[in-house]
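Following the hints, position chain Z against chain F.
Below are the chains, spelled out letter by letter.
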Amino acid sequence: MDGQQTITEKNYPIEAKWIFKSILRSILSALIFSLLFFFGLNDSRSKLYLIIFIGFVPIDLIYFALRRVTFHYSIDDKFLLLKQGILSKQQRHIPYGVVQNIYVKQDFLDRIFGLTSLTLENASANQTKGQQAEQPGTVGFSGNKVIIPGLTKENAETLKNIILQKMKENPIVNNQSGL
Amino acid sequence: MTIAMSKTREQFPLSTKKVLKKTITSTLVYIILFLVIYVSFVLIFFSFAFSIGNLGLITFGILGLLMVIIAVTYFYQLWYYNVYFYDLTEDYIVIKKGPITPHEITVPYERVQDVYVDQDIFDRLFGLYDVHLSSATAASGESAHIDGVEKPAADGLRSLLLQRVSEKIGKNRNASPPA
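Residue numbers (my numbering), protein chains in the order written: chain F, 1 to 179; chain Z, 1001 to 1179.
If we strip away everything but chain F, and leave its shape as in the complex, we get (with noise of 0.2 angstroms):
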């Protein structure tokens, strides 16, 4: 890889184990959600559920995928470009000088997958308050915080030791606005 290049999603891929994590996330949520229903009802009621749940798995799994192969970033030199959408296309530049802090976590599907997330926040409006969880599947930006899902953990490591560089290479002129 030459240095001259810039770092996009084709480097530090998000990795299509992430698409079964999603999928398995999303299912498990429903079946903890659905339970509560479940009591009391006869099997036929039940299997009915059953068939639904396993319904909706080609269609979590074009979702997923589609989300995974729409959602693009790549590393400038003064703005991390980010674009998402399947139908309606969303483009955002961040500026390295306004990203406040950059979280690296794993869930427990992640640890069983072997998957690490990066997320990052600027201080821009629409906080989603304090650690809330988040969606089955999310992945970009939405608020305040870009994520970036799925990544293997060596990759994660990389991306976020980079884009600190970048935030050290582009400190905030005046402490104000950060641009």
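What the hints contain is simulated information worked out from the structure, not anything from laboratory work. It is possible that some hints are incorrect.
As the list claims (entries may be wrong) - The calculated DMTMM-like cross-link candidates involving lysine to aspartate or glutamate, where the alpha carbons are at most 25 angstroms apart (straight line), are:
#1 K1007/Z - E157/F
#2 K1171/Z - E169/F
#3 K1007/Z - E154/F
#4 K168/F - D1091/Z
#5 K1097/Z - E157/F
This is chain Z only, laid out in the frame that chain F set:
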């Protein structure tokens, strides 16, 4: 089990009393619940004069279960204590915690908005302090804290943090061209 040591943790160590405090605070609700259940059982037995053999079995069962819960919590907290990692590096504050679902936050000194030290009621009993810091995001305030250090370490951490922050901000300000 090896302790996740860093230069900062060597200099400002976490107190071992933290394990004890965390064990007590997180099992307190079970202790109270089980005692209430036990006392109500005892009252029922005495008012209806059942055989004492059953009461012995119930005492053994309830206290045994409570002991198991406390032991499990204790070992989990010990594990948590051992993997608790914090380091004030040249440019960033890195805090990593969580043995099963690791969660790491990196905050550059320039982005620190707030440093504060607090104690809850159990901290006061044990003589422990929590050092909090936050950047401009809501989530960072909740995940970036070093809890369970004793007074000298808390004061040391706070003054080191404040010193590094003002150094970094001062440097950036001088480096910026007077546009």
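Each hint, compared with the structure:
{"no.": "1", "hint": "K1007/Z - E157/F", "in the structure": "20 angstroms, holds"}
{"no.": "2", "hint": "K1171/Z - E169/F", "in the structure": "13 angstroms, holds"}
{"no.": "3", "hint": "K1007/Z - E154/F", "in the structure": "23 angstroms, holds"}
{"no.": "4", "hint": "K168/F - D1091/Z", "in the structure": "8 angstroms, holds"}
{"no.": "5", "hint": "K1097/Z - E157/F", "in the structure": "16 angstroms, holds"}
Comparing the model with each earlier hint shows no violations; every hint is respected.
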